[in-house]
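Novice: Protein sequences appear in the order of chains A and B. According to this note's numbering, the first sequence holds residues 3 to 380 in order. According to this note's numbering, the second sequence holds residues 23 to 330 in order.
Hints should not be assumed to be uniformly reliable.
[To be verified] Each pair of labels, with its calculated beta carbon distance range:
1. Val217(B) / Ser32(A): 51 to 59 Å
2. Trp165(B) / Asp185(A): 52 to 60 Å
3. Gln109(A) / Gln214(B): 52 to 60 Å
4. Ala37(B) / Gln109(A): 28 to 36 Å
5. Ala221(B) / Ser321(A): 50 to 58 Å
6. Tyr245(A) / Gln214(B): 28 to 36 Å
7. His121(A) / Ser300(B): 28 to 36 Å
8. Arg149(A) / Val199(B): 27 to 35 Å
9. Phe298(B) / Arg148(A): 30 to 38 Å
10. Thr111(A) / Trp165(B): 51 to 59 Å
11. Trp165(B) / Gln109(A): 45 to 53 Å
12. Asn249(A) / Gln214(B): 32 to 40 Å
Quick caveat, the hints were computed from the structure, so don't treat them as lab data. Model, not experiment: these values are computed from the prediction. By construction, the Cβ of each residue, glycine as well, lies at the ideal position given by its N, Cα and C atoms.
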Amino acid sequence: MIINSRFFNRSELVGFLALALLLFLVLPLSLDIFRLNLVAKYLTYAFVGIGLVLCWGYGGILSLGQGVFFGLGGYCMAMYLKLEASSVANTKIQSTPGIPDFMDWNQLTSLPFFWKPFHSFPVALIAIIVVPAIFSFIIGAAMFKRRVGGVYFAIITQAIAAIMTILIVGQQGYTGGINGITDLRTLHGWDIRTDHAKYILYFVEVVLLFGCIVAAQFIRLTKLGRILVAMREQEDRVRFSGYSVANFKIFAFCAAAVFAAIGGAMFTLEVGFMSPSFVGIVPSIEMVIYTAVGGRMSIFGAVWGALLVNFAKTSLSESFPQLWLFGLGALFIAVVLAFPNGLSGIWADHVQPRIDRLLASRKPKPAAGYVADGAPAE
Amino acid sequence: MFGDYSFSDLGAILAMQGFAGLILFSVYVLMALGLAIIFGQMGVINMAHGEFMILGAYVTWMTSNTVQHIAPWLFPGYFFIAMILAFIASGALGMLVEWALIRHLYKRPLDTLLATWGLSLILQQAYRSIFGAREVGVELPEWMMGSWQATDSIQIPINGMFVMALTILITIAVAYVLFWSSWGKQVRAVVQNRVMAGAVGINTEKVDRYTFALGCGIAGIAGSAFTMIGSTGPTAGQLYIVDTFLVVVFGGAASLFGTIASAFSISQTQSTLEFFLSGSMAKVITLLTIVAILMVRPQGLFALKVRK
Chain A
3 MIINSRFFNR SELVGFLALA LLLFLVLPLS LDIFRLNLVA KYLTYAFVGI
53 GLVLCWGYGG ILSLGQGVFF GLGGYCMAMY LKLEASSVAN TKIQSTPGIP
103 DFMDWNQLTS LPFFWKPFHS FPVALIAIIV VPAIFSFIIG AAMFKRRVGG
153 VYFAIITQAI AAIMTILIVG QQGYTGGING ITDLRTLHGW DIRTDHAKYI
203 LYFVEVVLLF GCIVAAQFIR LTKLGRILVA MREQEDRVRF SGYSVANFKI
253 FAFCAAAVFA AIGGAMFTLE VGFMSPSFVG IVPSIEMVIY TAVGGRMSIF
303 GAVWGALLVN FAKTSLSESF PQLWLFGLGA LFIAVVLAFP NGLSGIWADH
353 VQPRIDRLLA SRKPKPAAGY VADGAPAE
Chain B
23 MFGDYSFSDL GAILAMQGFA GLILFSVYVL MALGLAIIFG QMGVINMAHG
73 EFMILGAYVT WMTSNTVQHI APWLFPGYFF IAMILAFIAS GALGMLVEWA
123 LIRHLYKRPL DTLLATWGLS LILQQAYRSI FGAREVGVEL PEWMMGSWQA
173 TDSIQIPING MFVMALTILI TIAVAYVLFW SSWGKQVRAV VQNRVMAGAV
223 GINTEKVDRY TFALGCGIAG IAGSAFTMIG STGPTAGQLY IVDTFLVVVF
273 GGAASLFGTI ASAFSISQTQ STLEFFLSGS MAKVITLLTI VAILMVRPQG
323 LFALKVRK
């Protein structure tokens, strides 16, 4: 990983190091495995958030269907794990051994064709990336080539999320229905349910997350990122300058989909199941709000947004289940009305200048000094 | 899929499913009318529209309970009172929301979507806290129950016919207001060119507020009608919001006729398919068809030519 002053400017470097310190050291050392696993679950949404920063914050394309890609990634992983868990030896009490239990309950006697490739681990890994990429490409190509954008795109992606949920719930024999794919045990022979495995999975996830952050930062800094911003501000001018607006939009949408899918696959591994309740309209729009709270223009903000909102959700809904929806609703409205750039905007406008003044008047403090308070870093 | 039915059976099925579709059509039209007016005029995506509808449903339910306790002799006609109350309640809430929330976001249509989604969460939880999480149903007066036996095999429920008549009446009223009243002229002027409308002396802010209130009020009436065909729960509105948006987009935003045509085709397709396939597959196929058509023709069935 190359970190030079060009790739990250100073405050971004501080943000990067702060996040790395928090995720690699502070949280694993201070939390027990149950809480750490919760953090891992929250972080899977950070993948979606990073994708949304690219596609919504930079590209101006609001997708309300990111849950679909999260789900596609998650289901691809879950199908592989489920097939491994339902070996002939494990399922010999079924009327058809060797197929997943929910298929047996739904009177299926053989494995459907689209499940068969998922016997192989490499194929499953490739599918996690390729299936959402192709799906998002089809949607993106169909819409952006015809210059559908803005609100219409948001509504249609939302409809696709609705279709996806209804389809998964309706086709119980093929997808596990409303319960989803449960009872997942091993990944390529390695038990994912032990505490030790959860630690390892957490670190794998954090490494992947930083990979995605670097990739997103790379996209942002290249000419491509500049064109995305230009497109968001003045689409026609970019088009008249000779760029193919549609292709850039498709790229941003596909990149967001792939990030979401990686998050979904990690979600399946961390939580041990996948169900349609992470695919539909409500989770998709919640993913957007994590990004909005963190700051739609900030890659690190998206990670902080996913962590903080989910943390608030868990702690509030544990103690005051009624208050949570009021709080979430108020959060939506407040973020949109008062803080369109989210926490990272507040940080950049109010906290950063003070720190800069402090640094200018005193000797520079170590970077970790103001990280411990848990505020988001730009 | 047609194999097991004789020809006359098929006719009866189509007629009855067609009528069931017409009730769905009524709810779609009433919901979509308000949404289309708001979306067409202000470009605002009101995700809380379903909750305005549910407010109307709860108002109807409360009216029905109150009338039963206080003035039982009024019960046969309570529905008309309930509808007016529902219109006023939803309209007033709409006006408040426009003043507090929407008017700050006219320049950012995607953000209205998020803010009104937040509003819908708050309203849902408010309904849950006030009315309880259980679904409630209203008691219908006697004359609305039962059905009309059209032929031996065709039965048409009376409450369905009532909802239909209501929808037609309201559609005509809305069309009258929009196309013949001076206020409607102002609304249409703002839709076509906001800046010029302001320049010739139309108070666009006021027009916006009343339009939003009208749209929400119609949603309240939709909720009133909805109580006759289904039970009301805090989250019932959310089930309809995506469908209704598709109705609006499919019909072509800001086109009243398009909205009605698309509500008709979507509800008929869905209810006819529902008989032959499972409910979920019928819905999937309907929605997929709409999405596919929208990809080919993004401006919808009947697009209004507007200078942007």
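Novice: Decide, hint by hint, whether the structure agrees.
Specialist: Status of the hints after comparison with the structure:
1. Val217(B) / Ser32(A): 51 to 59 Å: holds, 57 Å
2. Trp165(B) / Asp185(A): 52 to 60 Å: holds, 55 Å
3. Gln109(A) / Gln214(B): 52 to 60 Å: holds, 58 Å
4. Ala37(B) / Gln109(A): 28 to 36 Å: holds, 35 Å
5. Ala221(B) / Ser321(A): 50 to 58 Å: Holds - the Cβ-Cβ distance for Ala221(B) and Ser321(A), about 55 Å, lies within 50 to 58 Å.
6. Tyr245(A) / Gln214(B): 28 to 36 Å: This hint holds: roughly 32 Å between Cβ atoms.
7. His121(A) / Ser300(B): 28 to 36 Å: holds, 30 Å
8. Arg149(A) / Val199(B): 27 to 35 Å: Holds, since Arg149(A) and Val199(B) (Cβ atoms, about 34 Å apart) stay within the stated range.
9. Phe298(B) / Arg148(A): 30 to 38 Å: holds, 32 Å
10. Thr111(A) / Trp165(B): 51 to 59 Å: 54 Å Cβ-Cβ, so the 51 to 59 Å window holds.
11. Trp165(B) / Gln109(A): 45 to 53 Å: About 47 Å separates the Cβ atoms of Trp165(B) and Gln109(A), which means 45 to 53 Å holds.
12. Asn249(A) / Gln214(B): 32 to 40 Å: At roughly 34 Å between Cβ atoms, Gln214(B) and Asn249(A) fall inside 32 to 40 Å, so the hint holds.
Comparing the model with each numbered hint stated earlier shows that all of them hold.
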